[in-house]
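S.K.: Since chain A is already given, all that's left is putting chains B, C and D on it; use the hints.
Chains as they are written, first to last, in this note's numbering: chain A, 1 to 355; chain B, 1 to 355; chain C, 1 to 355; chain D, 1 to 355.
Hints may be right or wrong, so weigh each one.
One copy or two, it doesn't matter: identical chains are merged, so the pair holds either way.
[Said to hold, decoys possible] In silico EDC-like cross-links for lysine to aspartate or glutamate, where the CA-CA straight-line distance does not exceed 16 angstroms:
| no. | residue 1 | residue 2 |
| --- | --- | --- |
| 1 | K347 | D115 |
| 2 | K54 | D292 |
| 3 | K135 | D95 |
| 4 | K135 | D320 |
| 5 | K135 | E114 |
| 6 | K230 | D320 |
| 7 | K135 | D202 |
| 8 | K348 | D115 |
| 9 | K347 | E26 |
| 10 | K136 | D115 |
Keep in mind that the hints were calculated from the coordinates and are not lab data.
Chain by chain, the residues:
Number of protein chains: 4
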Amino acid sequence: MTTKKLRVGVLGATGTVGQRLIQLLENHPWFKVGAIAASDRSVGKTFQQACPWKISGPIPEYIRDQTLKSCKPNLAVDLVFSGLPSSIAGQVEIDFARAGYPVLSNSRNHRMEEDVPLLVPEINPSHLALIPIQKKRQGYSSGYIITNPNCSTMALVMALAPLHQRFGLEQVNVVTMQALSGAGYPGVASLDIIDNVLPYIDGEEEKIETEPLKILGEYQAGKVILANFKISAQCHRVNVQDGHLEAVSVSFRHCPPQHQLVEALSGFSSLPQERNLPSAPRFPIVYLEGTDRPQPRLDRHLEKGMATVIGRLRPCSIFDYKFDLLGHNTIRGAAGATLLNAELLWKKGMLQSPK
Amino acid sequence: MTTKKLRVGVLGATGTVGQRLIQLLENHPWFKVGAIAASDRSVGKTFQQACPWKISGPIPEYIRDQTLKSCKPNLAVDLVFSGLPSSIAGQVEIDFARAGYPVLSNSRNHRMEEDVPLLVPEINPSHLALIPIQKKRQGYSSGYIITNPNCSTMALVMALAPLHQRFGLEQVNVVTMQALSGAGYPGVASLDIIDNVLPYIDGEEEKIETEPLKILGEYQAGKVILANFKISAQCHRVNVQDGHLEAVSVSFRHCPPQHQLVEALSGFSSLPQERNLPSAPRFPIVYLEGTDRPQPRLDRHLEKGMATVIGRLRPCSIFDYKFDLLGHNTIRGAAGATLLNAELLWKKGMLQSPK
Amino acid sequence: MTTKKLRVGVLGATGTVGQRLIQLLENHPWFKVGAIAASDRSVGKTFQQACPWKISGPIPEYIRDQTLKSCKPNLAVDLVFSGLPSSIAGQVEIDFARAGYPVLSNSRNHRMEEDVPLLVPEINPSHLALIPIQKKRQGYSSGYIITNPNCSTMALVMALAPLHQRFGLEQVNVVTMQALSGAGYPGVASLDIIDNVLPYIDGEEEKIETEPLKILGEYQAGKVILANFKISAQCHRVNVQDGHLEAVSVSFRHCPPQHQLVEALSGFSSLPQERNLPSAPRFPIVYLEGTDRPQPRLDRHLEKGMATVIGRLRPCSIFDYKFDLLGHNTIRGAAGATLLNAELLWKKGMLQSPK
Amino acid sequence: MTTKKLRVGVLGATGTVGQRLIQLLENHPWFKVGAIAASDRSVGKTFQQACPWKISGPIPEYIRDQTLKSCKPNLAVDLVFSGLPSSIAGQVEIDFARAGYPVLSNSRNHRMEEDVPLLVPEINPSHLALIPIQKKRQGYSSGYIITNPNCSTMALVMALAPLHQRFGLEQVNVVTMQALSGAGYPGVASLDIIDNVLPYIDGEEEKIETEPLKILGEYQAGKVILANFKISAQCHRVNVQDGHLEAVSVSFRHCPPQHQLVEALSGFSSLPQERNLPSAPRFPIVYLEGTDRPQPRLDRHLEKGMATVIGRLRPCSIFDYKFDLLGHNTIRGAAGATLLNAELLWKKGMLQSPK
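Extracted from the complex, chain A is given alone in its bound form (with noise of 0.2 angstroms):
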């Protein structure tokens, strides 16, 4: 069985991205790693030598020895997963799709690229539908690339999608409180955030006000048609490890009572369920009832971290309803998505199955 796993590439293997990568792809029933590449003065070193691993726990053993490689389409490999930084993956990733891989990339270079998906398998499979209009405009022929989003954008368009599709968003207002391990490694000085909070972090604000529109929007003749209400975000930085928490005000076109609210929140599931993609969360979207959650540290891990945990929905003076909600962004922000994007492109046949 194990011969016929198709092997993964993953691209960025040694940064934060990459390592959750690493741990999740363990053991998966699909997948495997079949090559690791990284920065040119981690080519050519073993995993181990290279990587400063900060997961909790050892380097997996399967890993440890097996040899970076240059960023270069010659992988022999039947996917790749793309978790490098934006600063080098716009080109890397359109020579591997042009090579013929199929990339699914957690970078923001492509994420808004009208031909691109930007993918959640709970919330738009159907924008896959751009994939054969990508290929050929790009000339492709096997390759292309799928994107996920941005890891406060994930946490936030899950809780999302449900209230838009019964009820119509008009305005979401977010306020985030992020961890240090979105900032990669080493990211954040331990200098700036003790005794602190940072309230900036480059580029986040445009892209969590951007992103979900594409999410939510509606794919039409050849094309996706962004979704038609406003966001404003302002972001921080906590000293959290992990889990970005988001305080978030909504407005809707039609005002539920909270109790449809909460229903359609903690009652949403989508496709990943339906099809039981191995990476899928039981339930997308947790609703905790205590008054004091969700909290970054004891909810972060719920449904193996790939849920949104929302909490405290309550009624706003200025807004519809006020609420907070959790994402653990290495897991359903980064490495997760891309992996659960892989598992319904394999469900859907756009994977080709190793000879």
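M.R.: Quick look at chains B, C and D alone, frame taken from chain A:
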């Protein structure tokens, strides 16, 4: 000269607010500590024995060996500062006022009572006109009660004051990231805040949503007409020692261009500055230009902790503008506010000079 | 099968140690929770209502709706685990033993009594010979008391055991940097530990300086002869959630070359490993080669928190060698130790199988 | 008067040590900043543009608009302070000395060279006799190099000095818990220290084990005879902003009773105190009586960060005594040490008064 200083009684002297009062009253030009009082289990002990001093540096020498008294209105002082917990402040403060003491309270109990000024010297000194009404209604002779706002309200309302006065506020959305010292001592358990954010502070949102409307209200014919705009608050506790950070969004009746807003904020100056009150900040609002300011650890001490520090003012796609603000919660947000109120009273001749 | 599991009563079920016991007993192959008990103010509530659950992830479903009972020896269980605070553990544990229950205690009260085993299954199973003596002396019928060491002792003594057995210890100097969870909940106030280290833990140094001498002592003719070497301890609390780090220096009667020391440590294996006790770590000591290990956050979960992790062993200019060690204080240092003791008792036939 | 102040050149002005020097030199009675220099990428920028200022409060106004120069010995100053990284300090400092500048260095490069004083004004001013020897040997005219110790050495050696002078040290064991600022900026990554302790600091143990022996050595006939006792160090990084805490154990040739030890420590006073050097602490050692002191956050600012703070002195079962000590690593442990050295030189006439 020293013999002419007014004698202050500090109620709740060993608590977080009390400690700051003790610190701020050291070498004060007009006031001196005449008595310290605390709960029964501390009565009879020296300050040093009873107080879990948590401010950097040693306990001021002048207070170390003073003996703690009971919170009964038989202290040989000219006025009292109350840093009592709200569970007991209500009645004790009434008892002192009835016994003839001016009471300057940091507790929430009497803040919203219609004959009690919720005083911020920069904003609403006119509300002191409530005092004769209060005295008459309550049957007080020389005593009365004046309150200062909640810590997170204080930082916010200072920013709102010039904006409301000049442009007319319509809506204010605020998400707070509040410091640990706001919860007193022992307060927040370390296991609750390490690697975490708490998305709830009991009673805090209600205070922020109501207190500014009274502070920014207008005194007319014997009462304060509440200001007429909406506030929505979402409160969080973060792993910071001192300094409440708040992400604020505002809409106006008459939306000004951005530079006018910044001018209104950074140019704000008022009665305490004109009268040179000893604890008054030179600038009650400090506007910082950096892209990533204000930050609690770096900016909370500006103007000796007596200013609201603002940064990142920018247009908002939902409200007119959004920005971040910071206030030192135990200085301007508590002890410093009480002290500045007393200084205003003294300048206005509302405190009796000791014979 | 399930019906044949031994029923465990957990005393102090809502505390830090109790919570870990609840977690570790979920799906245990031999034991199940038969009753939970706590202080009077929790009696009658469900576990979920009474417990400030502080472990990542939700409260295990099996325990949520169980009702808390009083800590009286009328529980329908086959043995009890005590995570009670030392202020009440002393008498309660005696009451249970007298009433016929085997008591496995994590509290300090009876540890140093001469007829009570201070049991570490890898080190001193021979000390179980004290049980018949204890029963006789105390007049217990089927009941008895067995204790496990203090959390910082536990991590240390595991490292000392193979060293003492093979090379004869003469002097042990240890400086601890202990985690917050060791102080229970609410425990350490956040204002005491943010940006800080506390150089004192009440009673801790005494425990570390005495308990290992009993654990490593020899059972002879009805009593345990204390081991004959010196220990000096200096204890500190640091801003870490779980995992006690200890800087250790050791001198031997027969100083071995360094490689023999590392071999003695990493090769250590004993009765729990031979007997495959369900909670036994495969390797009770894990030696890490990296220059900067062990680290609490990265290494505390090795062997599911049941091992002592050691690194940086090197010669010392005063002692023979020095190194750092790490132990998970609420798993191997508390709940896991209690549970492993129970597993050993069961294997040895010292627990009564339920009818 | 101002025109007669000596002009100081600060090398490495934008680094952690440089920032403290800038802060401490504001309003200094004898010195003023005459030039600031930094690495090539900062040259030509103003201090404000180039410096990631990390000290609470704003950048001192006097320095904001000064332009950074290259670290070349053509600065119009009377002496230079070096806070350069050790990777470049070695040669740059020689260049300045050769060009005639007195160089007061905080870097490790020249500390252990036999003709370079490793100066602590309270301890070894006699070592200044090395200066003429250095000048002659190196062929310097008016220039020379003087160094101050490593930050963790500084705090330790201040405590050891009176003990060694009066009772003769034999053995010193020290386990450090060092602050983040000791690693410079960006220094320690936040992901490495949140919920963690790092049991290794590169090169630190070697410094602590050797530098005190030189500092406490005796100048005899042209050289410093190293003190003859043993030091063993184990170094850790903890999640503290400023203030190195050290757990120390000591043995003496002539073991004194405990009260004599405390007297020797708290009564320690020396040349900087007698001469009233502006930066000298009134008490170079502060002994605190509390059971849980010193603590970094509460005690690092005692004596404006220029003292070693000691507590918990008690007998040890292996050594004679053990205690905890604390020193502010960027003040007395770095910038303040450099400055105090310069003040001593000025008093001793070893700096040229500007014409």
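S.K.: Which earlier hints can't be squared with this structure?
M.R.: 1, 4, 7, 8, 9
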